[in-house]
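Residue numbers (my numbering), protein chains in the order written: chain S, 1 to 114; chain L, 115 to 224.
I should point out that these hints are in silico values taken from the structure, not numbers from a laboratory. Keep in mind that the hints are not guaranteed to be accurate.
Stated by the list, open to error - Using C-beta positions, here's what the derived DEER-type ranges look like:
| id | chain 1 | residue 1 | chain 2 | residue 2 | range |
| --- | --- | --- | --- | --- | --- |
| 1 | S | F75 | L | K211 | 17 to 23 Å |
| 2 | S | G60 | L | K193 | 35 to 41 Å |
| 3 | S | Q41 | L | K177 | 35 to 41 Å |
| 4 | S | N82 | L | S142 | 33 to 39 Å |
| 5 | L | A124 | S | T30 | 33 to 39 Å |
| 6 | L | E115 | S | N50 | 21 to 27 Å |
| 7 | L | Q117 | S | R10 | 28 to 34 Å |
| 8 | S | D64 | L | S138 | 34 to 40 Å |
| 9 | L | Q117 | S | T56 | 17 to 23 Å |
| 10 | L | F207 | S | G16 | 39 to 45 Å |
By construction, the Cβ of each residue, glycine as well, lies at the ideal position given by its N, Cα and C atoms.
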Amino acid sequence: SAVISQKPSRDICQRGTSLTIQCQVDSQVTMMFWYRQQPGQSLTLIATANQGSEATYESGFVIDKFPISRPNLTFSTLTVSNMSPEDSSIYLCSVEEYTGGGQYFGPGTRLTVT
Amino acid sequence: EDQVTQSPEALRLQEGESSSLNCSYTVSGLRGLFWYRQDPGKGPEFLFTLYSAGEEKEKERLKATLTKKESFLHITAPKPEDSATYLCAVVGFGNEKLTFGTGTRLTIIP
Numbered sequence: 001s002a003v004i005s006q007k008p009s010r011d012i013c014q015r016g017t018s019l020t021i022q023c024q025v026d027s028q029v030t031m032m033f034w035y036r037q038q039p040g041q042s043l044t045l046i047a048t049a050n051q052g053s054e055a056t057y058e059s060g061f062v063i064d065k066f067p068i069s070r071p072n073l074t075f076s077t078l079t080v081s082n083m084s085p086e087d088s089s090i091y092l093c094s095v096e097e098y099t100g101g102g103q104y105f106g107p108g109t110r111l112t113v114t
Numbered sequence: 115e116d117q118v119t120q121s122p123e124a125l126r127l128q129e130g131e132s133s134s135l136n137c138s139y140t141v142s143g144l145r146g147l148f149w150y151r152q153d154p155g156k157g158p159e160f161l162f163t164l165y166s167a168g169e170e171k172e173k174e175r176l177k178a179t180l181t182k183k184e185s186f187l188h189i190t191a192p193k194p195e196d197s198a199t200y201l202c203a204v205v206g207f208g209n210e211k212l213t214f215g216t217g218t219r220l221t222i223i224p
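From just these sequences and the hints, can you work out the full model?
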């Protein structure tokens, strides 16, 4: 299974600022995913990031708010821009498990916006 | 559109009291059904993948089963360390996106 790390593990940010979350995988993967998990809720997919192409965003999420970079096959970043308290969530990256369609998840970044 | 419904939302059991969690799903062509465990403030931990009706997987006190409409996660003689939220997700053929249920929050009381 893939080993995934995220930085930072948690942060407290001021309204109106931006935070970039890093996701590092210990092996090369084609697809990486970014999720948001609001308090007490399940996981919501933000976007799918393939290396060498623009990220594909889900309904309700836009590139200006959540720009994503995918510079190589082991790394991706998600930026949460112009933050508001409603952005307080856990942000998770994941990679596809190579045979069955499942995904392995990173430990998450807990973001609190004040 | 793929859909996943988990029940119950929350379950409290005494240590050693066995029970089952349910995951009902609707998907056009099941590629895989997945069970995850999530501890508070952490990312989901992969538990099982099931591919076809009749399949079963076991790991310690957990056993996952699959039919054409639902999956069960059976917990036998649970311990307090089994307390967590258990998430179910599906993916259909031709689709790389996971659809998650809302989870069952399991509490095991010593």
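A quick look at each hint next to the structure:
1. Range check, S/F75 to L/K211: about 21 Å between beta-carbon atoms, so the 17 to 23 Å window is met.
2. A C-beta distance of roughly 40 Å is found between S/G60 and L/K193, which places it inside the suggested range of 35 to 41 Å.
3. Range check, S/Q41 to L/K177: about 27 Å between beta-carbon atoms, so the 35 to 41 Å window is missed.
4. Our hint of 33 to 39 Å for S/N82 and L/S142 holds, since their Cβ atoms are close to 38 Å apart.
5. The hinted range of 33 to 39 Å is satisfied by L/A124 and S/T30, whose Cβ atoms lie roughly 37 Å apart.
6. Separation of L/E115 from S/N50 is about 23 Å and conforms to the stated range, judged on CB atoms against 21 to 27 Å.
7. Checked against the given bound of 28 to 34 Å, the beta carbons of L/Q117 and S/R10, roughly 32 Å apart, stay inside it.
8. A hinted range of 34 to 40 Å holds for the C-beta pair S/D64 and L/S138, which are about 37 Å apart.
9. Judged by the Cβ atoms, the range 17 to 23 Å given for L/Q117 and S/T56 holds: they are separated by roughly 21 Å.
10. Checked against the given bound of 39 to 45 Å, the beta carbons of L/F207 and S/G16, roughly 44 Å apart, stay inside it.
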